[in-house]
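What follows is the residue order along each chain.
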Amino acid sequence: MTRRVHGRCAVPDVRTSVRSPGVLLSVAVLLFVLLAALVPELFTSQDPISGVPAERLSGPSAAHLFGTDQTGRDLFARVVHGAALSLQATVLAVLVSLVAGAALGVLAGFLGGWVDSLVMRVVDVLQAIPAILLSLALVTALGFGTTNVAIAVGVSNLAAFARLMRAEVLRVKTGVFVEAARAAGVRWTGVLGRHVLPNATGPVLALATVTFGTAVLEVSALSFLGFGATPPAPEWGALVAGGRSFLATAWWLTTFPGVTVAAVVLAANRLAQAFERGGR
Amino acid sequence: MSCELLEIHDLAVSYGEVEAVRGVNLSVRTGQVVAVVGESGSGKSTTAHAAIGLLPRGGHVVGGRITFAGRDLAGLSEKGWRSVRGTDIALIPQDPTVSLDPVRRVGEQVAEVLLIHRLATRRTAPGQAVELLARAGIADPAARARQYPHELSGGLRQRVLIAIALAGSPRLIIADEPTSALDVTVQREILDHLGGLAAEGTAILLITHDLGVAADRASRIVVMSEGLVVEEGPTRELLASPKVPYTQRLLAAAPSLTRTPSRPRREPGPDVLLEVSGLVKAFGDRTAVDDVSFTLTRGRTLALVGESGSGKTTTARMVVGLETPTAGTVTFDGHEVSRLAGERLRLLRRRFQLVYQNPYASLNPRFTIADVVAEPLRAFGIGTRVERRARAAELLDQVALPATVLDRKPAELSGGQRQRAAIARALALNPDLVVCDEPVSALDVSVQAQILELLVRLQDELGLTYLFITHDLAVVREIADQVGVMHEGRLVESGPADEILTNPVEPYTQRLLAAIPGGDAREAVR
Amino acid sequence: MPPVVRRLGHAVVVLWAAFTLSFVILYLLPGDAVLTKLGAAEAGVTSSPAEIAALRAEYGLDDPVLLHYGKRLLAALHGDFGTSVNTGDGATHMVLTALPPTLAVTGLALVLAVLFGGTVAVLGTYTRVRVLSRLLLALPPLGTSLPTFWVGLVLIQVFSFQLGLVPAIGATGFSSLVLPAITLALPNGAIVGQVLAKSLRTQLEQPYIEIVAAKGASRARVHFGHALRNAALPALTLVGVVTGNLLAGSVITETVFSRDGVGRVTTSAVTAQDVPVVQAVIVLAALFFVAVNLLVDLLYPLLDPRLARPREVSRV
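Chains as they are written, first to last, in the numbering used here: chain A, 24 to 303; chain B, 5 to 530; chain C, 21 to 336.
I should point out that these hints are in silico values taken from the structure, not numbers from a laboratory.
Computed from a predicted structure; not experimentally measured.
The beta carbon of each residue, even a glycine, is placed where N, CA and C say it ideally should be.
Heads up, a few of these hints could be off.
So the derived label-pair ranges between C-beta atoms look like this [as the list claims (entries may be wrong)]:
no.: 1; chain 1: C; residue 1: R148; chain 2: A; residue 2: E64; range: 51 to 61 angstroms
no.: 2; chain 1: A; residue 1: L47; chain 2: B; residue 2: S44; range: 37 to 47 angstroms
no.: 3; chain 1: B; residue 1: A394; chain 2: A; residue 2: R210; range: 37 to 47 angstroms
no.: 4; chain 1: C; residue 1: L143; chain 2: A; residue 2: L47; range: 50 to 60 angstroms
no.: 5; chain 1: B; residue 1: S223; chain 2: A; residue 2: R210; range: 35 to 45 angstroms
no.: 6; chain 1: C; residue 1: L116; chain 2: A; residue 2: W137; range: 34 to 44 angstroms
no.: 7; chain 1: A; residue 1: W137; chain 2: B; residue 2: S44; range: 17 to 27 angstroms
Computed far set for chain B versus chain A, every beta-carbon distance over 10 angstroms [unchecked claim]:
no.: 8; residue: N368
no.: 9; residue: E379
no.: 10; residue: P380
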């Protein structure tokens, strides 16, 4: 984790909040999920793709922590193996929003004039269309699959980044110390690189941590609707969708993947909040 | 001691673990004005808020007694306090611009006091509110009552707050820096009004950082420092013979009281460094600067004085090429600044530098002090990294900062230290002209004196020329050779400093001079 | 230009831009995959290259981009977004007939969201019982973290299967509205609650609150008479976003609860890569967003005098 981003003064604050049990638990959840994504074998030795038909639709037990599905596959193994796809998509989505959004925001904020107007009109439109509809339109155009879903979610969230980055650049740009640098004879490249950008990126990075939780939700929602990975590859949203037909008889099929998504989002949001407080 | 209205005995207030105030004793009698004087962090405001039971979140009275008209307030319940506030004790706040509810008409806000304490009915309250606004010195009160706070000037808003304070006919008014956000001429009117209230029998506890204000208005002064009362006594005695060193220092540094020229005034020389001619700046249909002309010769200090909105800062910004004039010219040592742009302007910037009012905002929070001071050198490609660092250390030495601050961040320095660093940055390129925009007005008075001393010493050592922007005539008295008085965008009067300060011709300048607090005290000190 | 006209102009521009953006995404971005699909779906599986070519021409895919765009825009101005490649019906007609059941849920959800969020924020900042305050203010962050599709399924499990209180699926009667509306209201109410609580806390820290207290006002008067009124203003600007979210959220809830409506039309259109229908939905959503925001913008000056009256500062 990039805790040092916020500079020396922030460290004590982050440390005090790290001591809180909520933050510790959040770190544990995210570490667990990260490990599951990288080395799923660490947590389960069962096969996520082919099951044992004899053991189908059995409830949670010591042998099958989360129970089994209609073809006898171990649900825990599928959730663990699903971490890789779900996390990859989320990280890609956040990166798309962050990089493209921040670039647009810097362009608009620093150049101003017609560039600013054009970028801000595009941002207006992106925000006028609800995120999920926008990503559905992109998925329609790009085709289905985890990567396309990730790009679609990334694009649908980039407006907020562009807007915040622009606002931060404008705030810092009109700051007294930036003018002082200009009055001291610093060139515009130096003003942008040494004064504006370093002081404008903090809140944007904080937004990225907040967006992580949102992106997990949106990626899993699109995967729930069936636009993500092709079955039988496991993905959290798709696992919940798969359990819908057995809602009355096999509650565990929807409950555990759903709880997993909720836990990851809660943990991410809790950490984002701690960062935000530490950064102030 | 039955005639004491408010009596604070051995008061201690803490914020969490931190003790803000301890062992404070003070008392106010009916019809008396008592001033509590101190610098920021002295605990004066905390003491005042404890007396009305409105400590900021986290603040608790941890010891002592507060007695009002024989009744102990410290143990009061929330409900008990509600009956005291407004009718027994009222509060006039520091910043009138943020102290009124922005979405309610001002008449309603005055009437609210009457309704809370059932001093009027819904039917009679609006009329009484208008009367109260009139009593607070507001002209055309019926029309004003229907306006919203944002439609009124700062001075008018403070009068509305006075009307709110008066509404419940309180016996004691706590005025917490009631004029520090206002211009000096408005400050005088508001303080006169408060004085009038005291004459009618209302007791006033006046909290101020300005010893001059306290000296003019209070019969007793309580001096606080670092949470303690360090000295207390009748105003005349305290000013004539301050007992503790802290009061002596405060008295010596008080801007409006005792400042004298810090060096002999300089006559204009032959070498004109800066010439401003017919300068105009319009923002939309508002003219901020209107036909301003002056010349400044090398080695002198020109002070531009004025209240907020007078155009003095905009003038300074045009001089250093941060703002483009609508008309007129700025000529710096033969170069017409107002015609230059881009790289040619940047190159000329080596020779004139700017020091800002707020040293908290003017230093990049991510830079070390070494980076801050060496930045102009870097911008002009002067020296290697190592050489620039050495020069930065040398500059810090010049402004009397230790080399140990080189690697600190601005946030780790005090306000005065930061302003020294900002001055060091301005000196890095050996400029001819330094434009100082209110360089001391964000600092505590004792620090102000040190920074002014530093600026005068540097001028001597380095042969600098200063254009000094300030609202404070006491500062002008101390450092200026030549003064320009600005009012509503125009330069209404200019000339040698002593002439302007002792024999002003323009009525506006006369009003400005008369409004400086501390007149009585100056007499007392002499 | 009077502000109403200016805002109306801005609304029209955003709407036009939404059309343009969706055109760029849906008609220009894709490779031949969708285009072929478009042709293939219309003609049946066994279309010959010649037939596809004819269809491409009919859909305007062979026209130069600008001409194609112009034709589409002109048609859209007349409310025509083309024919669904899936069903052969007019895209506009399909979306509009699906709208009423969706609006019923959305409307109820909006009421619930404002009620949930408002109550939590106001009570959470008002109560002096520390535990209750912390509990209440912890709800909004929780609400925004739960996946909507899963919440819907949990509600079905508990209220339909376990308790048998409401029908699990279908769209008959008011009782079938309740669970989808709650599902939608939860995350959006959480957003309202979060913003309002933050705004209330900011207002309660303002110096003018101290003056109200110094008048001898009760906590209730301070909270409801002054802080809430000022805090509600920033929260009001959220209504546009929340309405958009609620409408878009029907994509999830209608799938979960097997209800008919715009959401279901959208999902099946995306599944079939039915471009005209998707574009009609996008423009409709933008229309809602723009209309609600226009309403909020026009309402705002009535509530905030600082916007209604120009600043005219008079000196003492």
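Check: Regarding C/L116 and A/W137, is the given constraint of 34 to 44 angstroms on their beta-carbon distance met?
Finding: The hinted range 34 to 44 angstroms holds for C/L116 and A/W137, with Cβ atoms some 38 angstroms apart.
Next item on the list: Please confirm whether B/N368 is truly not at the interface, meaning its C-beta sits more than 10 angstroms away from all C-beta atoms of chain A.
Entry: The assertion about B/N368 is violated, with a minimum of 5 angstroms to chain A.
Item checked: B/S44 and A/L47 - C-beta distance against the hinted 37 to 47 angstroms -> Since A/L47 and B/S44 have Cβ atoms about 39 angstroms apart, the given range 37 to 47 angstroms holds.
Next item on the list: Kindly confirm whether 37 to 47 angstroms is satisfied by the beta carbon distance between B/A394 and A/R210.
Entry: 24 angstroms, violated
Margin query: Range first: 51 to 61 angstroms. Now tell me if the beta carbons of C/R148 and A/E64 are that far apart.
Written below: 53 angstroms, holds
Check: Holds or violated: is the Cβ of B/P380 farther than 10 angstroms from all Cβ atoms of chain A?
Finding: Given that some Cβ of chain A is not farther than 10 angstroms from that of B/P380, nearest at about 4 angstroms, it is violated.
Check: Quick one: are A/W137 and B/S44 within 17 to 27 angstroms, going by C-beta?
Finding: 46 angstroms, violated
Next item on the list: For the range 50 to 60 angstroms, tell me whether the beta carbons of C/L143 and A/L47 fit it or not.
Entry: Since the Cβ atoms of C/L143 and A/L47 sit about 29 angstroms apart, the hinted range of 50 to 60 angstroms is violated.
Next item on the list: Please confirm whether B/E379 is truly not at the interface, meaning its C-beta sits more than 10 angstroms away from all C-beta atoms of chain A.
Entry: Per Cβ check, B/E379 is inside 10 angstroms of chain A; nearest 6 angstroms; violated.
Checklist line | Range hint 35 to 45 angstroms (beta carbons of B/S223 and A/R210) holds or violated | finding: For A/R210 against B/S223, whose Cβ atoms are near 60 angstroms apart, the range 35 to 45 angstroms is violated.
Hints 3, 4, 5, 7, 8, 9, 10 from the list above are not met by this structure, while the remaining hints are.
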